[in-house]
Structure formats: C-alpha cells, structure tokens
Amino acid sequence: MEMTEAILLTIFTAATPLMIAALGELVTERSGVLNLGVEGMMIMGAVAGFASAQITGDPYLGALGGIVAGMLFSLLFAFLTINLVANQVATGLALTILGLGLSGLIGEAYVGQPGVKMLPIVIPGLSQLPLVGKLLFSQDAIFYFSIALLIAINWFLFKTRAGLTLRSVGDNHTSAHSLGIDVIKIRYLAVMFGGACSGLAGAHLALVYVPQWVEGMTAGRGWIALALVVFASWRPWRILMGAYLFGAVTIAQLHIQAIDINSLSFLPSGLFYLTGLIKSIPSQFLSALPYVATIVVLVIISKNRRLTLINTPASLGKGFVPDR
Amino acid sequence: MLEVQAITKKFGDLVANDSVSLEVSKGEIHALLGENGAGKSTLVKMLYGSLQPDGGEILWHGKPIEIPSPSQARSTGIGMVFQHFSLFDSLSVAENIALSLGKENDIRDIGEKARQVSEEYGLPLQPDTIIGDMSVGERQRVEIVRCLLQDPELIILDEPTSVLTPQEADALFETLERLRSEGRSILYISHRLDEVQKMCDHATILRHGKVVGECTPADETAASLANLMVGADVGDVTRTGRGEVTGEALLELHNVNQEAASPFAMELTDINLSVRAGEVVGVAGVAGNGQSEFFDVLSGETTSSDNASVRYNGHECGSMGITARRRLGGAFVAEERLGHSAVPDLSLSENLILARHGSDSKSFLGMGPLGVIQNGVIKSVTKRICEEMDVRKSGEDPDASALSGGNLQKFIMGRELDRKPSILVVNQPTWGVDAGAAQKIRQAVIDLARAGSAVVVISQDLDEIMEISDRIAVMSDGHLSKPEDAESITREEIGLKMGGLHDG
Numbered sequence: 018m019e020m021t022e023a024i025l026l027t028i029f030t031a032a033t034p035l036m037i038a039a040l041g042e043l044v045t046e047r048s049g050v051l052n053l054g055v056e057g058m059m060i061m062g063a064v065a066g067f068a069s070a071q072i073t074g075d076p077y078l079g080a081l082g083g084i085v086a087g088m089l090f091s092l093l094f095a096f097l098t099i100n101l102v103a104n105q106v107a108t109g110l111a112l113t114i115l116g117l118g119l120s121g122l123i124g125e126a127y128v129g130q131p132g133v134k135m136l137p138i139v140i141p142g143l144s145q146l147p148l149v150g151k152l153l154f155s156q157d158a159i160f161y162f163s164i165a166l167l168i169a170i171n172w173f174l175f176k177t178r179a180g181l182t183l184r185s186v187g188d189n190h191t192s193a194h195s196l197g198i199d200v201i202k203i204r205y206l207a208v209m210f211g212g213a214c215s216g217l218a219g220a221h222l223a224l225v226y227v228p229q230w231v232e233g234m235t236a237g238r239g240w241i242a243l244a245l246v247v248f249a250s251w252r253p254w255r256i257l258m259g260a261y262l263f264g265a266v267t268i269a270q271l272h273i274q275a276i277d278i279n280s281l282s283f284l285p286s287g288l289f290y291l292t293g294l295i296k297s298i299p300s301q302f303l304s305a306l307p308y309v310a311t312i313v314v315l316v317i318i319s320k321n322r323r324l325t326l327i328n329t330p331a332s333l334g335k336g337f338v339p340d341r
Numbered sequence: 025m026l027e028v029q030a031i032t033k034k035f036g037d038l039v040a041n042d043s044v045s046l047e048v049s050k051g052e053i054h055a056l057l058g059e060n061g062a063g064k065s066t067l068v069k070m071l072y073g074s075l076q077p078d079g080g081e082i083l084w085h086g087k088p089i090e091i092p093s094p095s096q097a098r099s100t101g102i103g104m105v106f107q108h109f110s111l112f113d114s115l116s117v118a119e120n121i122a123l124s125l126g127k128e129n130d131i132r133d134i135g136e137k138a139r140q141v142s143e144e145y146g147l148p149l150q151p152d153t154i155i156g157d158m159s160v161g162e163r164q165r166v167e168i169v170r171c172l173l174q175d176p177e178l179i180i181l182d183e184p185t186s187v188l189t190p191q192e193a194d195a196l197f198e199t200l201e202r203l204r205s206e207g208r209s210i211l212y213i214s215h216r217l218d219e220v221q222k223m224c225d226h227a228t229i230l231r232h233g234k235v236v237g238e239c240t241p242a243d244e245t246a247a248s249l250a251n252l253m254v255g256a257d258v259g260d261v262t263r264t265g266r267g268e269v270t271g272e273a274l275l276e277l278h279n280v281n282q283e284a285a286s287p288f289a290m291e292l293t294d295i296n297l298s299v300r301a302g303e304v305v306g307v308a309g310v311a312g313n314g315q316s317e318f319f320d321v322l323s324g325e326t327t328s329s330d331n332a333s334v335r336y337n338g339h340e341c342g343s344m345g346i347t348a349r350r351r352l353g354g355a356f357v358a359e360e361r362l363g364h365s366a367v368p369d370l371s372l373s374e375n376l377i378l379a380r381h382g383s384d385s386k387s388f389l390g391m392g393p394l395g396v397i398q399n400g401v402i403k404s405v406t407k408r409i410c411e412e413m414d415v416r417k418s419g420e421d422p423d424a425s426a427l428s429g430g431n432l433q434k435f436i437m438g439r440e441l442d443r444k445p446s447i448l449v450v451n452q453p454t455w456g457v458d459a460g461a462a463q464k465i466r467q468a469v470i471d472l473a474r475a476g477s478a479v480v481v482i483s484q485d486l487d488e489i490m491e492i493s494d495r496i497a498v499m500s501d502g503h504l505s506k507p508e509d510a511e512s513i514t515r516e517e518i519g520l521k522m523g524g525l526h527d528g
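Those protein sequence lines, which keep their order, are chains A and B. Adding 17 to a residue's 1-based position in the first sequence gives its number in our numbering. Adding 24 to a residue's 1-based position in the second sequence gives its number in our numbering.
FYI, nobody ran anything at the bench for these hints, they're computed from the structure. Note that CB positions come from ideal geometry on N, CA and C, so glycine has one too. Be aware that a few hints might be false.
[Said to hold, decoys possible] Partial selection, computed: residues in chain B whose CB lies under 10 Å from chain A:
(1) Met-25
(2) Ser-114
(3) Asp-157
(4) Ser-159
(5) His-226
(6) Thr-327
(7) Gly-395
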C-alpha cells in the first residue's frame, strides 16, 4: 500500500507540469497559433523559477518568476509570428533552441545549489481520507492550481463570449477579421497565456519535481505537452487524461527498470514471466509511447471528417495578414 | 433612404468605381447589375465598411455618414449577406450568430432568438447544428437570419442565388418579398436577368466601374438589360486578319459531361466543340457559369473516365493528364497567374521548366534517364521569351512574384507560344493587364492561329472576344452554345445567351 501510494504520488508530480504546459498550448492553438517553443519556454520558466526562489527564498515568488519568464519569452515568438508573420514552425523550433541555450547560460551560477522546495499544502480533514486524501489533498499549490486551470479553461472556451471569439479566430481568421474581431490582439493574448503556462510548468519542475537547477532539465517534457494537445484533440478534459497517462508511463519506465526480478520469485509463474517480459522492453520504447499514442490519435481523428472539423483549429499555423 | 453620391475607389491605377451614384428608397428591392469586374462588389464593400472610398459621399436618411467598419455599418442598420459565406465551419449556428451580435446579447439566449426569427421568416434552422455539416442553402439561411437579428433597414445580398438550387432560390425570393413588405430595403446584386426582372423595383447598371444606366426592370426586356450590361452601345472594334478557315479539326470535344466537384462548382452538360486549325474560338460568358470547369476539362486538370470525350489531333486523351496532353501538342494558360500558371517563389526559368519539362524534355533535360536540368538552355529560352513578349523585369531571372501582373501574363503567354503548340487554350488572357500588353497578347494569339494552330480563348471581356475570335460560343449554366460565325453574331444575341436565356 505504502509503495503504491508513493508511486501514484510521483505520477501526480510528473503529470502536473505536462498538464499545465499542454493547457496553455491548447489555448494558443485554439487561437490558430502553433507555438512549438513550449520546451524552450518551459526551461526558461524553470531557470527563472529556480533563480527567483533562490534569491527571495520564497517558492511562490519563484513560481511567479517562472510565469513572467515564460510570458516574456513567448512575446518574442508573438512578435515574430504575428507582427512579422514569420513561419510559426521554424520560429517555434528556434525558440526552443534559444531557450535551452539561454537557460544554460543564466543557470550556470545555480548548478549544484540546493533549491527552495515548494511544500505540500495539507487540507485539513479531506487529507485524512484513505488513499485519495494523500494523493489529492496533500499536494503543492501548483497541483491545485492545475486543476482549477483545467476547469477555468474549459468554462472560458465553451461558455463565454471571449472564448467563442478566440475559437472563431482559430477557425477562420479572415471571417473573424471581417466581423471586426481584433485577430492580432487575441492571438497575442493567447500566445502570452501559453507562455505563462509553460513558464509555470517549468517552475514546477525546478521547485517541486526536483528542487534543483540542472541544465536541460525539462528533458523533452515540452514536446510531450505539445503531443498531448493533439492527443487530446484540442479538448481540455482529455488533456487531464492524457497528462496522467503519459505521466504514468514516464514513472512506470523508471520503476520497471528498478525492479529486481529475482525478488519477485514468489509471484505465480505467469505473472513472473510477464513482469520479466515488460522489464525486457527497452526503456526508449516506453519513452516513445506518448508520441506513438499521439500518432494513433491523429490517424483516428483524421479519418473522421466531423471530429477533425469540430476540434481542429482550421487556421492553425497560418499567418494572418489583414488586407488594407 | 440610402444615397450614394459620386463615390470613387481606386486600386493603384485601376479605377474600380468611377464616380458611382445610386439611390435606394425605403421598401424597395434595388438591383445592382453588371458583369464580373464591373465594380459591384467594390461598391457594396464600401457601403458595408470593409473598404473606404477615395472620394464621394454616402447619405443615410439624408445625412452624410462615414462607415469605417462593418460593425459600424451594422449598428447604422446596414446588413450584408456575403456571396462567399463568412461563417465559421467548426462552430454551431447559434455561436456563429452570437459572434456578429453585440455584447448586450446574452450568449445563452441567442439560440432561442435565432429559432424564433428563422421560423417567423420561413427559414428553418436548428441552432445547435455545426455549420460544417450544413448544405450551401442552409448556410445562406444562417447568414440571412444572422443579418435579420440585427434588425437592419437595408440588406445587401451579393449574388445570393449563385450557390442555390432553383427550389432554394424560390424560397429565398419569398423571404425577400416578405422583407420588402415590412418596409426594409434590399440591394440585390446579380447578373441573372430573369431574377432581376421578376423581383426588383429598380436597377442600376454598372460597367467598367461606371453607372451606365438606371431603369425599372419590369419595363425592360431581357435583351435590353443584357445590352446595358455588356455594353452593346459601344461600337464594335475592327477585326483584322480573318480568313477562310478550312483546316482540319485539331481539338474535339464529344458529349462532355462533368459533375460539379464542389458545392461552388458548375456542372458541365453535353458539351460538344470542334476547333479547326487556323481558327480562334472565343468562349464568352459571365463568370461562374462553368468556364473554369470547362478549362480544366480541356487542359486535363480534370480527367474523364471516357477517353474518347476529348481528342487532340485525332488522339483520344480524355483520361490523360496535363503533361500527356502537352506532349500531344497542347498548351494551356490558366486564369490565375500566380499560384496556378506560375509558382510565385520560383524564378522565371524554373517556371519555364516546370511547365514544359514533359513536352520539351529533349532540349531542356540532359543525361538521359537522369533528367538533369540544362540550366544554360532554359535560361536562354527564358531570355528569348522575355525579349519576344517584351517582358519588363528587374534582373536576369527574377522570381515570378516580382513581376507585375501584366508582365507575368506576357511571360506565361510567351512560355506557351514559344513552343508553337498546335492547340492553345487560354482562360482570361488579358485580365487585369494594361491596354498595351493586352494588345500584344491578343496579337500573339491571332498570329498563332494564322500559323495553323487551333485556339480556344475563354474570356468575360466581350470586346476581347469580338476582337480576336473567328467563331464565338457562349457558356451559360454549364452549357456551351453552338459556336457561331463572329461576323454574323451580334452583341445582343451574345448578351441574351449570357443572361441565361440559352436554347437548352
């Protein structure tokens, strides 16, 4: 029981940054902008989050630092792709490369230093519940925030006029413009929101997951978050599902490697061999699983015209140039 | 109620609206007639605030107003139903309507309001349906309901029936009658004469950006309206160099039938045509009557399962693609210069090899099966084309997008003419080209025919058709009329056929 609980807890910690970054990117993409720079914005958030927590000694100010850094970094992307109509794919990739390099430079002084850990907030009463108490009600603030964010984004996108406007811009920016909607302003806001979320996700890594600064510590999580948005077919609730699924895969891969197969000899022979079989799968295969799953989802939705139509932002990745 | 006084709009050198005046009174359906490119759309875009006039005045209830944006137009009381819908495919009917209404409307009530209005006017709609799942006629209903919810005094309809089935069109006319009886005014843009005669109280006719006439359609005949529209009052140009055509048939179409590929495409019905060596056949018609589909069938962009339906020099090639037809001696100039006839970001010489790699592989490609591009050869051919057609450009071999429209068209025509094709098919050869370049292009087309080729020119410019054709056919509603001798056919006859009064 203890063991299961500990493993589940690590899954929660692994899933939280994936979910936050993916939710931010979902909002960006729903406005029709494809920002492939999530990894870059996350690592900037991580280094800024670590540094500001170190300087102030306050992990919450650290989280704020991460948000600000991610948002500022996304502004660069917004300027290049929205004002100058640069290619979004190329600019996003450049943003990732720049972020990885720049964060290494900024973070050099912090390598090996002890970080400030954001401690769990235990909710009285509820945290006493068996199993779920520990998992859901003795978590860090960013976890609680991620759940609130999910609910808020779902409400915003599908129940408010502002959310409808954002979706309309993502569906057809020319029609939106002809209705008098300020496409550029909305896309700027959406990109900045995505940047803020990525920054916070990065800060979570440096303040909760491994309270340390390690160069390149995002280790591809930004790419998983990007894949998640497609995996979720641009639906917020499916991001929750996907983030925990992918989080579980990441954690499972660590634990399976750590299992000493001989200690399991008490298991019935069938189960024993199954465990051995799973253990024999190369860990690289498990790391690739999120991407494989994303491709499968893409194939499924692209076969169904209606699913694609309703969920995929039709102007995704296309630059907008207003006429005269 | 609405008065437009001497409004002018220029795009560069092109005067799209030249001192246009128009008056729409309360409770009338006012038709705005004209050929494509006459300036109708430009005019209504200014009324709806999506374009700003360069001169002139708009009066609303007698007071001069400015319309800086579509939302300003809507709050003034001007609504518009677009020809190409401005709906969001992935959103529901109610969501689409909510987007164009002001913030004072609660987003949750809009579905119910839309349902009420749609029932009231006989335009049945389900507010929760996703636009992408709807037919074209249903989408137009959404546009109209959206427009009505803003309670406009003036409704602009831009060629509303061009995308509708006859039954849907009849339902639309009933709705329009109802709106008129409520005292709303309608500005109805069309080039379908029968509709205008049936419904409209007044008509203003535009030609080349100018008002050429005002009338009460009920007092006119379809022929007199057609004359005003196509400009029969303008004197005929002199035709030159036309001789007896006795050559054999080089290009033949037999009973071509083509289903419409999309809701916006035209169906082609029973098209027969035979073009002989040495003649130019002009295909007149108002845009959107099947010309582009016709061009695609001729060029092989659309292939047919019936190989015998198209013959080049006697070879059956209905199922062959463009390159195969080029090898048989065909040459094609499509309507859109950039993106169809030429790749914008490739140089002229690269555009040359792209079009002619199949038909001229012997001279343009080297090293046998490897097919290495002979850069020296294509550069020198490009140079020759540019000199012959007088293409003005900067630099030796610029990108296609760096050329002005007229010069690029000259290059594209030159590219096709340079190989002396036995069959040439051109769609809109001089659209948007200045007079000098247009003359050059027309002359080149006539010269090619006189040298023994078969030429088909599709154009909406009747002057052009009259000038260069030996025989003239008219495309209307997917039908092609029997080509008649250009010497004997009159503009009145052509105008009638263009107006949709074809003999079936």
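Hints, verified against the model:
no.: 1; hint: Met-25; verdict: 24 Å, violated
no.: 2; hint: Ser-114; verdict: 5 Å, holds
no.: 3; hint: Asp-157; verdict: 7 Å, holds
no.: 4; hint: Ser-159; verdict: 15 Å, violated
no.: 5; hint: His-226; verdict: 28 Å, violated
no.: 6; hint: Thr-327; verdict: 25 Å, violated
no.: 7; hint: Gly-395; verdict: 31 Å, violated
Hint compliance for this structure: hints 1, 4, 5, 6, 7 are broken, all remaining hints hold.
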